[in-house]
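A.B. asks: Sequence:
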Amino acid sequence: MRIALLLLMLFLPAPIRAADNCEALAERAGAEAGVPEGLMAAIARVESGRGDGAWPWTLNQGGKGMFLATRAEAVARLSAVVASGVTNIDVGCMQLNWRWHGPAFDSADEMIDPVRNTRHAARFLVELRARLGSWQAAAAAYHSSDRARGAAYLAKVESARGGLRLADAGGDLPTSAVMQAARIEGLLVLAPQPMVAVQTQAVAVVGPVPDAATGLIPSAGPFDLAPATAEMFEAADLPPRLRARWQAVESFRAALAEQP
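Position 99 (the sequence shown) corresponds to 99 in UniProt numbering; numbering is contiguous.
What the hints contain is simulated information worked out from the structure, not anything from laboratory work. Heads up, a few of these hints could be off.
Pair by pair, the computed Cβ-Cβ distance ranges are [unchecked claim]:
#1 G85 / D106: 16 to 24 angstroms
#2 F67 / N88: 33 to 41 angstroms
#3 A83 / R147: 29 to 37 angstroms
#4 E110 / G34: 17 to 25 angstroms
#5 K64 / A31: 27 to 35 angstroms
#6 A76 / R131: 30 to 38 angstroms
#7 A130 / T70: 31 to 39 angstroms
#8 E32 / S84: 18 to 26 angstroms
#9 M66 / R149: 19 to 27 angstroms
#10 D109 / D52: 23 to 31 angstroms
#11 A152 / R50: 15 to 23 angstroms
#12 R131 / R71: 15 to 23 angstroms
#13 A83 / A152: 18 to 26 angstroms
Just so we're clear, the structure is a prediction, and the values are computed from it rather than from any experiment. Note that CB positions come from ideal geometry on N, CA and C, so glycine has one too.
Can you make the complete structure from the sequences, with help from the hints?
C.D. replies: This is the structure we're talking about:
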């Protein structure tokens, strides 16, 4: 999947490439920083996705998302908002918060730059993981230290990753072939026990973690999620258009079962 995302930048036409490069760049930044495959791209999709992929010229002020058409428009809007005294605004591919992450950049233009934005987010995610002990905890805390909000956000990230659970120990995620199998005809949630109905419970984090506060993350205890509960799919339960490809689904299940 990582290779496929990176190749998007080479083969897509320029207008489309601008809309999709957040995810490719997020994967590249994640690879450089040692983030598990697929995690950065999934976060980018959740943070700045607008239905057809993450969008680099995205701002969010007070819960109101703004998808600007061009970089120049986004920089102008961000500069005006910051000049007015507002600092609680999320910026770019990875929706970095100006209040917490702004000091790491020299200008609004630099902060919204997709390459710098994704690289900074990858470093921040690695820092969260080092402090919290798992990639699950890091992904949840990337959005919020609040337990309920973090758990809900993590569910969105995992869904964006194709319904696969994050490797808690930092192990490799499934190969690109497996990820492709996960997307067969819209079946995004396929596992050794497919997740039809997912049930979670509140997670526990010991100690506060400031939202997006680079370098200010206190030690925290274990961050555990309840295992998902699910009902089994069988080939007979599927519509005819999917039954013919059920063997690929079974292969995907077997591959996931072998993941550490």
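A.B. asks: If a hint holds in the structure, say so; if it does not, say that too.
C.D. replies: Do the hints match the structure? See the list:
| no. | hint | verdict |
| --- | --- | --- |
| 1 | G85 / D106: 16 to 24 angstroms | holds, 20 angstroms |
| 2 | F67 / N88: 33 to 41 angstroms | violated, 19 angstroms |
| 3 | A83 / R147: 29 to 37 angstroms | holds, 35 angstroms |
| 4 | E110 / G34: 17 to 25 angstroms | holds, 24 angstroms |
| 5 | K64 / A31: 27 to 35 angstroms | holds, 33 angstroms |
| 6 | A76 / R131: 30 to 38 angstroms | holds, 36 angstroms |
| 7 | A130 / T70: 31 to 39 angstroms | holds, 37 angstroms |
| 8 | E32 / S84: 18 to 26 angstroms | violated, 35 angstroms |
| 9 | M66 / R149: 19 to 27 angstroms | holds, 21 angstroms |
| 10 | D109 / D52: 23 to 31 angstroms | holds, 25 angstroms |
| 11 | A152 / R50: 15 to 23 angstroms | holds, 20 angstroms |
| 12 | R131 / R71: 15 to 23 angstroms | violated, 33 angstroms |
| 13 | A83 / A152: 18 to 26 angstroms | violated, 33 angstroms |
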